[in-house]
Amino acid sequence: ETGVTQSPTHLIKTRGQQVTLRCSSQSGHNTVSWYQQALGQGPQFIFQYYREEENGRGNFPPRFSGLQFPNYSSELNVNALELDDSALYLCASSLDRGRDEQYFGPGTRLTVT
Amino acid sequence: GESVGLHLPTLSVQEGDNSIINCAYSNSASDYFIWYKQESGKGPQFIIDIRSNMDKRQGQRVTVLLNKTVKHLSLQIAATQPGDSAVYFCAETPTGNQFYFGTGTSLTVIP
Numbered sequence: 002e003t004g005v006t007q008s009p010t011h012l013i014k015t016r017g018q019q020v021t022l023r024c025s026s027q028s029g030h031n032t033v034s035w036y037q038q039a040l041g042q043g044p045q046f047i048f049q050y051y052r053e054e055e056n057g058r059g060n061f062p063p064r065f066s067g068l069q070f071p072n073y074s075s076e077l078n079v080n081a082l083e084l085d086d087s088a089l090y091l092c093a094s095s096l097d098r099g100r101d102e103q104y105f106g107p108g109t110r111l112t113v114t
Numbered sequence: 352g353e354s355v356g357l358h359l360p361t362l363s364v365q366e367g368d369n370s371i372i373n374c375a376y377s378n379s380a381s382d383y384f385i386w387y388k389q390e391s392g393k394g395p396q397f398i399i400d401i402r403s404n405m406d407k408r409q410g411q412r413v414t415v416l417l418n419k420t421v422k423h424l425s426l427q428i429a430a431t432q433p434g435d436s437a438v439y440f441c442a443e444t445p446t447g448n449q450f451y452f453g454t455g456t457s458l459t460v461i462p
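So the sequences go chain by chain: A and B. Residue numbers for the first sequence follow our numbering, beginning at 2 and rising by one. Residue numbers for the second sequence follow our numbering, beginning at 352 and rising by one.
No lab work stands behind these hints, which were simulated from the structure alone. Yeah, the Cβ is synthetic: ideal placement off N, Cα and C, and Gly gets one too. A hint or two may mislead.
Facing chain A, from chain B, some residues (calculated, C-beta under 7 angstroms) [as the list claims (entries may be wrong)]:
| hint | residue |
| --- | --- |
| 1 | Ser379 |
| 2 | Ala380 |
| 3 | Tyr383 |
| 4 | Phe440 |
| 5 | Phe452 |
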């Protein structure tokens with residue numbers, strides 16, 4: 002098991018609502034990346050945070066936003082939830098930005114009804 | 352967007368045989384590649400990585416081969432064990448801060 006934790010484990014929301022997902026990175030890691038994994042698909046990169054700044058973003062709309070805190074933990078916020086947002090949301094931490102090994106958490110399963 | 356795909360969505364092998372999982376990538380600028388294993392209910396787990404200045408890299412029971420000419424990546428698992436049953440993903444990055452995953456190959460090991 003990695004030292005990356007995510008909360009909550011499961012979440013059910015209604016279309017149009019907002020959700021916040023949380024991630025605690027592995028000790029000593031200053032970079033966190035977020036991914037969306039639809040059922041039967043590979044993870045899709047949402048964005049990466051390095052030392053509290055966004056360091057890269059995938060093809061996701063602005064209603065997907067994030068934060069990284071001084072202790073390098075992170076939040077993913079999704080506004081105006083849509084049915085297609087139902088997925089497993091994964092966070093991964095790495096020692097530094099760049100081509101470093103990423104350690105994934107177990108994910109948060111979000112269901113939008 | 353990036354396109355990282357796998358040739359076979361499922362693969363079944365006998366316990367003790369070698370497994371080969373293939374992956375094609377589309378971005379010739381990608382210079383770092385990773386193989387992940389994902390078991391049911393868990394996040395992806397790093398297996399092995401390779402940089403574009405290498406053609407081959409070996410780990411414990413696993414070997415990754417990179418063919419930049421045809422933009423192809425493969426993962427070889429020696430003496431496959433039941434515990435190797437999982438979905439395997441390849442991932443690439445041209446920048447180091449955006450990683451692109453393939454669809455995945457489901458490996459089933461038959462005892």
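**Asked** Going through the earlier hints one by one, which of them does the structure break, listed in rising order?
**Response** Hint check: 1 and 2 fail, others pass.
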